[in-house]
Amino acid sequence: MRQTASHFDYSTWITRLGIFFIGLFVFLIAVNFGAVDIQSADWLHLFSQQNGYEGASYVLWTIRIPRVLLAITVGAALGIAGALAQSLFRNPLADPGLLGVSAGASCSVAIGIVMLDGFRFIPTEELRVWAIPFFAFLGAIAVCFCLDYVARVVSPGSIAGLLLTGIALNAFAGAVIGLCTYLANDEQLRSFTFWTLGSLASARWLMVGVLIGALVIGWAWIRTLLQDLNALTLGENIANHLGVDVLRLRTKVIVLVATLSGLAVAWCGMIGFIGLMAPNLVRICLGSDQKRVIPYSAGVGAILLVIADTIARTIAIPAELPVSIFTALLGGPLFLILLRQYRSRLN
Amino acid sequence: MSDLCHTGRRRALCTIAAIPAAWFGKPTWAARTQSISSRQRLICIGSAVTEIVYALEANDLIVGVDTTSIYPDAARSLPSIGYSRTLSAEGVLSLSPSQILCTEDAGPPVVLQQIQDAGIQIRRLPAHHTFTGVCDRVIAIGQSIHQQTRADQLKLQLQQQWARIEDAMKAKPFPNTTPRVLYIHSMNPSQVMVSGQETNANAMIRYAGLRNAMDGFRGYKPLTPEAVIVANPDLILVTDQGLQAIGGRSQLAHLPGMERTKAILSQKVISMDAVYLLGFGPRMPEAVITLHRQARALFG
Numbered sequence: 001m002r003q004t005a006s007h008f009d010y011s012t013w014i015t016r017l018g019i020f021f022i023g024l025f026v027f028l029i030a031v032n033f034g035a036v037d038i039q040s041a042d043w044l045h046l047f048s049q050q051n052g053y054e055g056a057s058y059v060l061w062t063i064r065i066p067r068v069l070l071a072i073t074v075g076a077a078l079g080i081a082g083a084l085a086q087s088l089f090r091n092p093l094a095d096p097g098l099l100g101v102s103a104g105a106s107c108s109v110a111i112g113i114v115m116l117d118g119f120r121f122i123p124t125e126e127l128r129v130w131a132i133p134f135f136a137f138l139g140a141i142a143v144c145f146c147l148d149y150v151a152r153v154v155s156p157g158s159i160a161g162l163l164l165t166g167i168a169l170n171a172f173a174g175a176v177i178g179l180c181t182y183l184a185n186d187e188q189l190r191s192f193t194f195w196t197l198g199s200l201a202s203a204r205w206l207m208v209g210v211l212i213g214a215l216v217i218g219w220a221w222i223r224t225l226l227q228d229l230n231a232l233t234l235g236e237n238i239a240n241h242l243g244v245d246v247l248r249l250r251t252k253v254i255v256l257v258a259t260l261s262g263l264a265v266a267w268c269g270m271i272g273f274i275g276l277m278a279p280n281l282v283r284i285c286l287g288s289d290q291k292r293v294i295p296y297s298a299g300v301g302a303i304l305l306v307i308a309d310t311i312a313r314t315i316a317i318p319a320e321l322p323v324s325i326f327t328a329l330l331g332g333p334l335f336l337i338l339l340r341q342y343r344s345r346l347n
Numbered sequence: 001m002s003d004l005c006h007t008g009r010r011r012a013l014c015t016i017a018a019i020p021a022a023w024f025g026k027p028t029w030a031a032r033t034q035s036i037s038s039r040q041r042l043i044c045i046g047s048a049v050t051e052i053v054y055a056l057e058a059n060d061l062i063v064g065v066d067t068t069s070i071y072p073d074a075a076r077s078l079p080s081i082g083y084s085r086t087l088s089a090e091g092v093l094s095l096s097p098s099q100i101l102c103t104e105d106a107g108p109p110v111v112l113q114q115i116q117d118a119g120i121q122i123r124r125l126p127a128h129h130t131f132t133g134v135c136d137r138v139i140a141i142g143q144s145i146h147q148q149t150r151a152d153q154l155k156l157q158l159q160q161q162w163a164r165i166e167d168a169m170k171a172k173p174f175p176n177t178t179p180r181v182l183y184i185h186s187m188n189p190s191q192v193m194v195s196g197q198e199t200n201a202n203a204m205i206r207y208a209g210l211r212n213a214m215d216g217f218r219g220y221k222p223l224t225p226e227a228v229i230v231a232n233p234d235l236i237l238v239t240d241q242g243l244q245a246i247g248g249r250s251q252l253a254h255l256p257g258m259e260r261t262k263a264i265l266s267q268k269v270i271s272m273d274a275v276y277l278l279g280f281g282p283r284m285p286e287a288v289i290t291l292h293r294q295a296r297a298l299f300g
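So the sequence lines, in the order shown, correspond to chains E and F. As numbered in our numbering, the first sequence has no gaps in its residue numbers, which increase by one up to the final residue, 347. As numbered in our numbering, the second sequence has no gaps in its residue numbers, which increase by one up to the final residue, 300.
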């Protein structure tokens, strides 16, 4: 299975460069378009940085560039998390949601907004801004680990059991969310609804930094797991016979998925389809070797999310639309076209 | 190779090259901000806020409104910054406002902070469901846009109008018992959402001299059909928008539990424009008396 190191693989490099240049192109487009007009002078001002930023270069530096970078990192995190979840469940329809990430995050956000009255007990506005992301992240992580623990007790050692436990726990979280929605007043209800729609509007440099850190550490760790994940594609039993400790692998994958998509959900709310779509697109185009699927899913996820977000924030200037609308609009048809090509290639 | 020098193609290339050039030629954001800094540029978020600014005759200062600002009609033609809870920092900044007047609904908080960090003043006006709250808002907005005298006049006007309305309502109370009103906030064939205590609808019902048929809970809640029958309201209050959504007055009777209520049996339904009825803007006293008059017409 393993390719010899001495062999220089042209097609791999072409794919890598292709994704890189498409990404760069999309990035440049995204950074150049927005509600505020950006001139070449503003770019110069941005790089010369004489006396602080003002006007358009202020917008560029504090709002637009962090937002596009956040879209890239969140898209990459969601793509990786989706690819990991799909390889863990050995099911192309799996996404981080099956591990309870989105259910946990939205459940704790609903509790925070409704039961804790929108975190009014936090004294300053500056701190309150961080309350929802923090709560969402905690919820995502907590539900993931809770799921892993319950699954171990209920159906030890079976990944199918993990999937079914996930469905049960998702239903339970749905009930809690339903209760909170019922108890919510108008204002809380709307805040919650708009949180679930997902948006990259809250982008800040700090978030971008944290996500880049998480992606770098995450990728370094994932590299050591790729071989085992490839073995797992053959089935749990075969992987076990090949010497893979499936239980430990499962825990590691859960930690990775929970952290990566937990961070994404925490800052941007629910952004659907990227986690599902990106790995599938890669698999259709490049085959299902995890060594390719996982890193390229990051790239494809990033590109898809940047495109979707750019449309979302420019189509109704000066207003903006929820980004999930466009991830679905973009991902759906693309996915169908590729699926059709893939099928006809098989025939 | 000679194809490249073909004039048609060259012209096409020139056109393509001209697009970014034209785009770079627009005036910069900074320049625009400077040239208009002498005059205030307001963004109004919330229908009541917009209406008050219009009532203060300061509407030429408005450069943008949110989607709920639909009255007066002229406000609809202003640039829309979208729904008040999903503002976009860049979108708001692109209108180069000098000040933002908003209700507490405006958000998300991070975006508001980004806007504030960009040096734009944000004036948040607290939520309220009272007449004094309307007056307070008028004064607060008057102060922020330096129109104190106009605001004082408007407040006085509103207070006089309010006193007249209160007198008129006291002079002719409802003949028998106070009618009990069920306000239906939103409805679909399987569920109705009604107003309990502490809502703007509840406040309007009480100001108009009526009683809310729903007691014992706060906010807007979905109601079971049985509770509708138990509540047995004398009058049903809905918004024009709500009626339109279910397809007209005739559909009200088909809502769960509604068929046997006194209100439906005796055809006592009042429908008013949502922003007019619940907006708590400068038209609030007028809306109170309209509601009262319509109810009196039905109950003699």
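Note that these hints are calculated values from the structure, not bench results. Mixed in with the good hints, there may be bad ones.
[Stated by the list, open to error] Which bits of chain E does chain F cover? Going by a derived footprint, with three or more residues having C-beta under 8 angstroms, they are:
id	segment
1	286-299
2	305-317
[Unchecked claim] From chain E, some residues computed to sit far from chain F (all C-beta separations above 10 angstroms):
id	residue
3	58
4	62
5	63
6	64
7	126
8	182
9	185
10	228
11	340
12	342
Glycine included, every Cβ here is placed at the ideal spot set by N, Cα and C.
_Broken hints, by number_ = When the structure is compared with the hints, numbers 1, 3, 4, 5, 6, 7, 8, 9 turn out to be violated.
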